[in-house]
Amino acid sequence: MIELLIRAIIAGTPLLLASLGELITERSGVLNLGVEGAFVLGVAAGYVSTVITGNAYIGLLVGGIAGALIGLIHGLVSVCFRAHQVISGLALTMFGYGLASLFGRVYVGIPLPTYLLTDRIWYIILVLSVIFSLVLWYMIFKLKLGVIIRSVGENPYSASVLGVDVVKVRVLCTVIGSFMVGVGGAWFTLGYLHIWTEGLGMGRGWISLAIVIVAGWNPILAPVFSYLFGCVEAAIWTLQLPPYNIDPFILGMLPYIVTLVALTIFMATPLKKFLKPPAALGYVYFREERTV
Amino acid sequence: MRVSFYIKRRVKPIKYSGIIVPIGSIILALIISSILLLLSNINPLYLYQAIASSAAEYSTLRYSIPLILAGVGLAIAYRANVWNIGSEGQILAGAVITTWLALYILPHEMPSSLALAILYISGFIAGAFLALIPAILKVKFGVNEVLSTLMLNYIMLQLTNYLVYGPWRGLKEYGYPRSDIFPKSMWIPQIPRTSIHYPTLIIAVILSILTFILIYKTKTGYEIRVLGSNPDAAKYSGMNIAKIITIVMLLSGGFAGIAGVGEVAGVHRQLIRAEMVSAGFGYTAIIVAWLAKLNPLVIILTGYFIGILVSASYTLQIFTGVSYGSVNVITGILLISLISLEFLSRYKPVVKIIR
Numbered sequence: 001m002i003e004l005l006i007r008a009i010i011a012g013t014p015l016l017l018a019s020l021g022e023l024i025t026e027r028s029g030v031l032n033l034g035v036e037g038a039f040v041l042g043v044a045a046g047y048v049s050t051v052i053t054g055n056a057y058i059g060l061l062v063g064g065i066a067g068a069l070i071g072l073i074h075g076l077v078s079v080c081f082r083a084h085q086v087i088s089g090l091a092l093t094m095f096g097y098g099l100a101s102l103f104g105r106v107y108v109g110i111p112l113p114t115y116l117l118t119d120r121i122w123y124i125i126l127v128l129s130v131i132f133s134l135v136l137w138y139m140i141f142k143l144k145l146g147v148i149i150r151s152v153g154e155n156p157y158s159a160s161v162l163g164v165d166v167v168k169v170r171v172l173c174t175v176i177g178s179f180m181v182g183v184g185g186a187w188f189t190l191g192y193l194h195i196w197t198e199g200l201g202m203g204r205g206w207i208s209l210a211i212v213i214v215a216g217w218n219p220i221l222a223p224v225f226s227y228l229f230g231c232v233e234a235a236i237w238t239l240q241l242p243p244y245n246i247d248p249f250i251l252g253m254l255p256y257i258v259t260l261v262a263l264t265i266f267m268a269t270p271l272k273k274f275l276k277p278p279a280a281l282g283y284v285y286f287r288e289e290r291t292v
Numbered sequence: 001m002r003v004s005f006y007i008k009r010r011v012k013p014i015k016y017s018g019i020i021v022p023i024g025s026i027i028l029a030l031i032i033s034s035i036l037l038l039l040s041n042i043n044p045l046y047l048y049q050a051i052a053s054s055a056a057e058y059s060t061l062r063y064s065i066p067l068i069l070a071g072v073g074l075a076i077a078y079r080a081n082v083w084n085i086g087s088e089g090q091i092l093a094g095a096v097i098t099t100w101l102a103l104y105i106l107p108h109e110m111p112s113s114l115a116l117a118i119l120y121i122s123g124f125i126a127g128a129f130l131a132l133i134p135a136i137l138k139v140k141f142g143v144n145e146v147l148s149t150l151m152l153n154y155i156m157l158q159l160t161n162y163l164v165y166g167p168w169r170g171l172k173e174y175g176y177p178r179s180d181i182f183p184k185s186m187w188i189p190q191i192p193r194t195s196i197h198y199p200t201l202i203i204a205v206i207l208s209i210l211t212f213i214l215i216y217k218t219k220t221g222y223e224i225r226v227l228g229s230n231p232d233a234a235k236y237s238g239m240n241i242a243k244i245i246t247i248v249m250l251l252s253g254g255f256a257g258i259a260g261v262g263e264v265a266g267v268h269r270q271l272i273r274a275e276m277v278s279a280g281f282g283y284t285a286i287i288v289a290w291l292a293k294l295n296p297l298v299i300i301l302t303g304y305f306i307g308i309l310v311s312a313s314y315t316l317q318i319f320t321g322v323s324y325g326s327v328n329v330i331t332g333i334l335l336i337s338l339i340s341l342e343f344l345s346r347y348k349p350v351v352k353i354i355r
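Going down the list, the sequences are from chains A and B.
Each residue of the first sequence is one higher than the one before, starting from 1 at the first, in the working numbering.
Each residue of the second sequence is one higher than the one before, starting from 1 at the first, in the working numbering.
Derived from the structure by calculation, the hints contain no laboratory data.
Treat the numbers as computed from the prediction; the structure is a model and nothing was measured.
One or more of the hints may lead you astray.
Heads up, simulated DSBU-like pairs for lysine-lysine below, C-alpha to C-alpha not over 30 Å straight-line [said to hold, decoys possible]:
no., chain 1, residue 1, chain 2, residue 2
1, B, 348, A, 273
2, B, 15, A, 273
3, B, 348, A, 272
4, A, 273, B, 243
5, B, 235, A, 276
6, B, 15, B, 348
7, B, 235, A, 272
The following block holds chain A by itself, in its conformation from the complex:
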């Protein structure tokens, strides 16, 4: 039982990092569907740079930078260029997938020289992640910085009148959020799976997006759902083996079915009244402009 719990925490940490990153982005009113691409690219960048440098912390950093790159393009295209956020995000997910396969292809099969010893310090990780979520909650709901971010996500026009540079805040939140997603991706391989194959981490970005929604855009609830999904992953691991011997493909559906059910429960019950999305989430911000 405790084994399962440890595995759940180890598997859930990358999801937590990614979902907290996406949460910051969405609080500023930017829907970043590039989260999936940033995650997968973060996995590849983290692995490749760890193999090259032999230092897993550099791997985490490079993974984060790779994610931030995706966020920067998303910010430029969907905030500055006012393109549709859904289309821009999906394009960046494809881009991230492609870049991960292109630059990671020569590293398939090369073992990781070093990795993060997460299974020995799992309780520290658990405590740190809860503290981190609390700090983020305090920042978003209690500090002036958080008020600025939320104002841009709730009503960018009023925020603009009050002197907030909406474009700057949104782009910064997207870049910082995507950095965290990238770190989550790198952690996924460096702290959890220790391998690299093409397409590793696919689908995890979407799951962290779903965690943001069921956590009601609230950082305090994010660890709960991240570790719940970690539990599902750990359970899949166990259920494949005897005495259960359940087909791995059937089990592979499980995280997605759980996500779909969780989303539906969240939306169908009064929960959504307490945990509302930012009002301007997904809306492109147009300031009035001169034509001459």
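Following the hints, position chain B against chain A.
Chain B only, in chain A's frame:
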């Protein structure tokens, strides 16, 4: 001294932007992709060689068929601001139902035309059914359709692979993860010496034309466009928004389902691994639809072009050994440059030095 940067709206979009923007974005995408290929030690000339050889070979049309079908379906949904990302899963739904009918349900000695008609219709129904789930979740509970359709893609992918690795694995396939070959009567005929299954192509073109008429000439189409461009107006004028959302989801899922029928009954003649039945066609179709500015007739053209690109990516795989997934770089950049140039054709960035 201060440098100020702002964006100014052009009085009119730049001239011929309808042509310059798509072509410009293709050129820009090829330039950036070449740089990235160079950076990863691949000679970008291989890319151009692959594109040229695919463009010269008209059998590449085989890749355009699913792209056009799924793209037209997506165009209907996107017109209504309904973000169906689930074509990939809906294609697989069509493929799975076809396999089930062809191998286990329909009598093997059946008149071919009747069998194919049944396959196409049930493929449509299967795709539409898979799209109905997110439609209901959205209408009833307000579940975001982007996430629900994505989740269903992964569920269908796993289901398909479960079937070909497990219960449906062919007895004559030497243990490979694929089903038995369909009986001959269930084969969609091809143009000789190519893998272009022309009945599906004809259906795709007809559906594009019908969809054009639906969107621009009918009352439902008008409602779809109003919902897409101004949801408030749609609500206050008393349109049945739930009905429109359901209709567009059913149609776009159904069209993708037909594409799935074509892939298994027209090309492979058996069910194979999900990643090979639909190698990202459902996602690539998003680009096809967007490149055509959601105009169903233009989708025939953009579907043809992107079909060449898909085919080129297989050739590139043989030339250089990069995996099929790497080509996502090109498609991703293409879409990003398209939406960026679209903006720049209407707006002008200005850099001013203020003293």
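Hint by hint, here is what the structure shows:
1. 348/B / 273/A: Violated, because 42 Å separates the two Cα atoms, which is more than 30 Å.
2. 15/B / 273/A: Roughly 49 Å between the alpha carbons, so the hint for residue 15/B and residue 273/A is violated.
3. 348/B / 272/A: violated, 41 Å
4. 273/A / 243/B: This hinted pair holds, its Cα atoms lying about 25 Å apart.
5. 235/B / 276/A: holds, 22 Å
6. 15/B / 348/B: holds, 14 Å
7. 235/B / 272/A: holds, 22 Å
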